[in-house]
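Use these hints to put chain B onto chain A, whose structure you have.
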Amino acid sequence: MKITIKYFGILAETSGKKEEILEVDKGMSAAELKGRQIKTYQIPEEESVQLAVNQNLNTEVELKEGDEVAFLPPFAGG
Amino acid sequence: MRYNRQIKLDEVGSSGQEKLRNASVLIVGVGGLGCPAAQYLAGAGVGKIGLIDHDKVSITNLHRQVLYDEFDVGKSKALVAKEKLQRLNGEIELVAIEEALTIENAEKLFNQYDLIIDGTDNFETKYLINDACILTGKAWIYASIYKNEGQLSVFNYQNGPSYRCLFPKTTKQNVSCEATGVLGVTPGIFGMLQAAEALKIILDAGTVLSGKLKLMNILYGTEQVLNIQKRPEEIRKIKNEGIIPFRIVCELKDTGKTYLDVREDFEQPKVNSEKVIHIPLEKLKDRLKDIPDMEEVLVFCQSGERSQEAIEILQEDFGFRNLKNVEGGIEKIING
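Which chain is which? The protein sequence lines are A and B, in order. So for the first sequence, the UniProt record's numbering puts the first residue at 1; every next one is plus one. So for the second sequence, the UniProt record's numbering puts the first residue at 1; every next one is plus one.
So here's chain A without its partners, still in its complex pose (with noise of 0.2 Å):
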């Protein structure tokens, strides 16, 4: 099945793409997700990346087709 992920902040830079359409397995979830996107871009500190699924903050879900997926870190400047 086909999702989309975005990508936030620096982790545009890591993975050198704002956006991307991956064919994942059925039945893969968001956390599986992760660390698969993790280990593909060697994205370090994943514990504080978040991802929100469809718009909604949460790695605990199983994901489906047509799924967007947002790759979000967290950043302080001001």
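Simulated from the structure, these hints should not be mistaken for laboratory data. Check the hints yourself; a few may be wrong.
[Unchecked claim] No more than 20 Å apart at the CA atoms, straight line, and that leaves these computed lysine to aspartate or glutamate pairs for DMTMM-like: (1) K214(B) x E32(A); (2) K230(B) x E47(A); (3) K6(A) x D67(A); (4) K172(B) x D67(A); (5) K169(B) x E68(A); (6) K237(B) x E32(A); (7) K169(B) x E32(A); (8) K212(B) x E60(A).
Relative to the frame of chain A, chain B by itself:
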């Protein structure tokens, strides 16, 4: 007459204007976010505005902190902001607090205001604001900038989620706008959005951005609103244990070199190493004997400006010949 144009709105009216007059807002950090927020709240007639900032106006602030001008460089931000905003609105009370927000003063200060606006540029103070707001029962309006992107939310509003619900764990990479670069308009826009949330809360109008995180990319004009889940355990922890100090400590690779850190005590990240002597710029003259004068000493601060100043003082007034500036400041030391 003065507020006529906003009183005309159904959401304001004369009763709303009275609410604004009776309201008090504390702005923590009068920089890229805090300046525009303060300007619009002063203009709107918010009765009391507190301005806390330990920093001085620098020439590199002026592209985004347009409340200040070239004549203000080197002066206290809190004092200059107070003076200028008082000229904008002589009817309101402005309080300048020339200090850093700390664990010691946060709760006492927050108790004197209805609402807190976060104009800070570091994780330590954001967590401190969060915890002190939970303990004093105040809502706070958060914003953060990374390059052309920003985040906005209202935390601890009517039992809503807190900053720790959004980011229970954070990163050691505290990248400021100084380090990454930023267009002046980006914090400007977010500071104004913060002021808008403050007005909505005071007027009890519209929908407050509580439990939501607004993300905007100024460069692409894209926008998203995410729903934040409350994590009651994160809020309970603060209620039970009090403020949890957030410290970013960086280990320094032993290069055999000696460093002199001329930053203030509260500046982050701290560097944890026996090879670092820590003396804030203002105190150098009192602690000359603590500075080695034989071996080479690398002097650093946040950006490289104050350390250059420190070197000039130590060379010209006290004859030191062994000092070298770390251009680029602390980030250079940590990231090489």
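Taking the hints in turn, this is what the structure says about them:
Of the pairs offered as hints, the one joining K214(B) and E32(A) is violated, with about 25 Å between alpha carbons and a cut-off of 20 Å exceeded. Our distance criterion of 20 Å between C-alpha atoms is met by K230(B) and E47(A), whose separation comes to about 18 Å. Distance restraint check for K6(A) and D67(A): the Cα-Cα separation of roughly 11 Å lies within the 20 Å cut-off, and the hinted pair is therefore satisfied. A threshold of 20 Å between alpha carbons decides the hint, and for K172(B) with D67(A) the separation of about 30 Å lies outside it, so the pair is violated.
Annotation: proposed proximity of K169(B) to E68(A) is violated, straight-line Cα distance about 23 Å (limit 20 Å). Of the supplied pair hints, the one linking K237(B) and E32(A) is violated, its CA atoms being roughly 28 Å apart against a limit of 20 Å. Distance hint between K169(B) and E32(A) is fulfilled; the C-alpha atoms sit about 19 Å from each other, no more than 20 Å. Taking the CA atoms of K212(B) and E60(A), the gap is near 19 Å; set against the 20 Å cutoff, the hint holds.
Of the hints listed earlier, those the structure fails to meet are numbers 1, 4, 5 and 6, in rising order.
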